[in-house]
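Turn these sequences into a full structure, and let the hints steer you where they fit.
Protein chains: 2
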Amino acid sequence: MTATILAVGSEMLTPFKVDTNSLHVTERLNAIGYEVRGKAVVCDDLDEIVAAFRAAVGRVDLLVCTGGLGPTEDDLTRDALARIMGVDMERDAGILEDLTVRFARRGIVMRDNNLRQALVPRGAIAVKNANGTAPGLLARVDRTIVVLLPGPPREMKPMLDRLIGDGAIPSHGDGLFRRVLKITGRPESEVDAIAQPIYTPWMSQAVPISTTILAALGQIELHLTAAAAGRDAADAVLAPAVQALCAVLGASVYSVDGRGLEAVVGDLLRDAGWTIGVAESCSGGLLASRLTDVPGSSAYFDRGVVCYSNEAKRDLLGVPEAMIAEHGAVSEPVALAMADGIRARAGTSVGIGITGIAGPGGGSELKPVGTVAFAVVAPAARSVRTVQFFGAREQVKYQSTQAALNLLRLLMSGPRG
Amino acid sequence: MTATILAVGSEMLTPFKVDTNSLHVTERLNAIGYEVRGKAVVCDDLDEIVAAFRAAVGRVDLLVCTGGLGPTEDDLTRDALARIMGVDMERDAGILEDLTVRFARRGIVMRDNNLRQALVPRGAIAVKNANGTAPGLLARVDRTIVVLLPGPPREMKPMLDRLIGDGAIPSHGDGLFRRVLKITGRPESEVDAIAQPIYTPWMSQAVPISTTILAALGQIELHLTAAAAGRDAADAVLAPAVQALCAVLGASVYSVDGRGLEAVVGDLLRDAGWTIGVAESCSGGLLASRLTDVPGSSAYFDRGVVCYSNEAKRDLLGVPEAMIAEHGAVSEPVALAMADGIRARAGTSVGIGITGIAGPGGGSELKPVGTVAFAVVAPAARSVRTVQFFGAREQVKYQSTQAALNLLRLLMSGPRG
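Chains as they are written, first to last, in our numbering: chain B, 1379 to 1795; chain G, 1379 to 1795.
Keep in mind that the hints were calculated from the coordinates and are not lab data. Be careful, since some hints might not be right.
[To be verified] Cβ-Cβ distance ranges computed for the label pairs, FRET-style:
| id | chain 1 | residue 1 | chain 2 | residue 2 | range |
| --- | --- | --- | --- | --- | --- |
| 1 | G | P1536 | B | G1608 | 44 to 54 Å |
| 2 | B | G1636 | G | P1536 | 31 to 41 Å |
| 3 | B | R1518 | G | Q1583 | 41 to 51 Å |
| 4 | B | T1578 | G | E1689 | 26 to 36 Å |
| 5 | G | A1571 | B | P1673 | 34 to 44 Å |
| 6 | G | P1579 | B | K1506 | 38 to 48 Å |
| 7 | G | S1588 | B | D1520 | 49 to 59 Å |
| 8 | B | L1595 | G | N1491 | 24 to 34 Å |
| 9 | G | A1571 | B | E1475 | 27 to 37 Å |
| 10 | G | V1765 | B | P1673 | 19 to 29 Å |
From the three backbone atoms N, C-alpha and C, an ideal C-beta is built for every residue, glycine too.
And the structure:
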């Protein structure tokens, strides 16, 4: 079964704003067996909306459209539906009463504008909106089910779920189900070379699994997608597939359940009963911020220091000035001294030190922009690395935190006993 | 003049990835007088791409399409162009030679696949790609100029600029030019109530200016758009408009030139010759990270500490345990003591302290999740506030850093003399 997703609104045709509703709609439609063949954004213009409807109706099984159902003159989606259905609009008594009650309860005068929201193209079905004034609309045009949803996500999402739940948007035998492996510390080409011999045969098995590689900053994601009758049937093929990939990719897979690296490391720390302190130079507080993004991180995160100046490295971490003079502030001895310093002063189980050149200034021939030394000191383990990262300042910052978190993860999840 | 933008690629129809090329294309097209009436993403399927082309050709003046020009079987955009032009493809000798030279120079064997990239629909013009193997294509179909660009931004952007620069994509009299006012510390409704009487008359003046309000986390943006023959003509109407809005909105406007709040504050610090140290609890290092996102911030950013535990607040900042016991860790006296502590120990001009409850746990009836106290101490100025923020953990973190940066900005840019 095929679907098209449409978003109506001129603001999404500026250089500043993308439509993100369609990501949520795609996920929900995939899960009940629809393949999204295309999506589009159109401006608040009746002819444009009608043209977009016409381009989809008859070609796909389902058209889901968000936005343009509000009370203003700019809100034209319901008019476009009436146009392609070739019918007039009628005032829906039930919707009108809902609106009247809603406004009365809030002590607000209902303006004439809002009466537009009670208009329904003859033959279409109005769908109640639990979280706003704009009702949804549902109609069959040619072979296509057309669903109009309000634009605000907090109104759109529950309405879509309800329409799927009660069968107004029919589910089909097989939904698309996904598992995601998150990988760090290997380049995309290497991940693909290792994984491809494993996943290629899956494409031709009884329940085929398709595999996509997405490379992002500091990590690679492998997305496995299977079409199956339900979550359990999907798991029956996806679980062994995930296992097979983990077996060949080894420790570079850090998550198979959606968790980010900072959450994976946080769980390892919590399980071990360990605490952590971090000392950052080039990453500028980003490592502390990522660790503290995780709810409940106060159980293991004790403190962080951001030491840009050499004086701060001396005062807050006890890094000897002579060491900085001898090796330079960006060096493995200083990274280790920072990790040792924060660990000793905070009295934590783990200390991390990161020092590097985030750029755009500050690089040299010997230590170009992107050079980062990072160290992890933990009970019975110490490790230090120097890596050359590429990209702009914020990218170097992010990759340095990713590499340091991964070094700690590998130290904590390595072979035991 | 009207335009449609198309992106070809099945990966942009998953729940994980949006098309962002179109934002750049929109900006460039707006500047040379095109209004983008719609945009779409289609999967790697010949019929779908052809249908998307047909929906645009004849309706708009310009169709810009990105992606699907690579060497693989999945790359079908040039085939779709041949189909709507109703012509065959021919091998372009110039492109073939470019490809051969390119591969030879890199010592890579050119595979048969790559020969596909030398195919050009008869009557279309191949456009050289300085940064990759996929040439672009240009054709007129019906009244519409159709431009096919490669998908990777580093290939797409320079090719688009060149096509605009040499007139292959014709510029029109009036381009759309924008100015953005960034505002913080006022709710959207208040900004709109103040700004509307100012901007409403602009819509009917000789060179009209349209105004859009975009609300994001911790800030409001006012986008002013004018159609004018060039940057100078646009500035002649936009500059006084920006001034008029600044006059009524006052100090809550922090930027009219695109800078983020951390860069505005950084420039104020640099201009004053001041240094800064920050002490964070609930914001978890995010304030330090935002300040150090700015290139050159090492000139004024000295250090930051992230003190989750009370011991860390005592050890690193000298916050008395009795004060924490009396007022609670989340309180104005503690926020001030944190700001004073980091300022005294770092010897910086400015100290900032932030303490609060980021959630989801840790709230109480008296101090619910989202309660944040923050303080700024600067030469001859000290200020402390308590605010109740809403949203999830990361949203509370971000808003607390935004509010603290803004408090410092207001202290530093207040009326002088």
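These are the hints, each one checked on the structure:
no.: 1; hint: P1536(G) <-> G1608(B): 44 to 54 Å; result: holds (48 Å)
no.: 2; hint: G1636(B) <-> P1536(G): 31 to 41 Å; result: holds (37 Å)
no.: 3; hint: R1518(B) <-> Q1583(G): 41 to 51 Å; result: holds (47 Å)
no.: 4; hint: T1578(B) <-> E1689(G): 26 to 36 Å; result: violated (55 Å)
no.: 5; hint: A1571(G) <-> P1673(B): 34 to 44 Å; result: holds (37 Å)
no.: 6; hint: P1579(G) <-> K1506(B): 38 to 48 Å; result: holds (40 Å)
no.: 7; hint: S1588(G) <-> D1520(B): 49 to 59 Å; result: violated (37 Å)
no.: 8; hint: L1595(B) <-> N1491(G): 24 to 34 Å; result: holds (29 Å)
no.: 9; hint: A1571(G) <-> E1475(B): 27 to 37 Å; result: holds (32 Å)
no.: 10; hint: V1765(G) <-> P1673(B): 19 to 29 Å; result: holds (21 Å)
The structure is inconsistent with the numbered hints 4, 7, although it conforms to all the rest.
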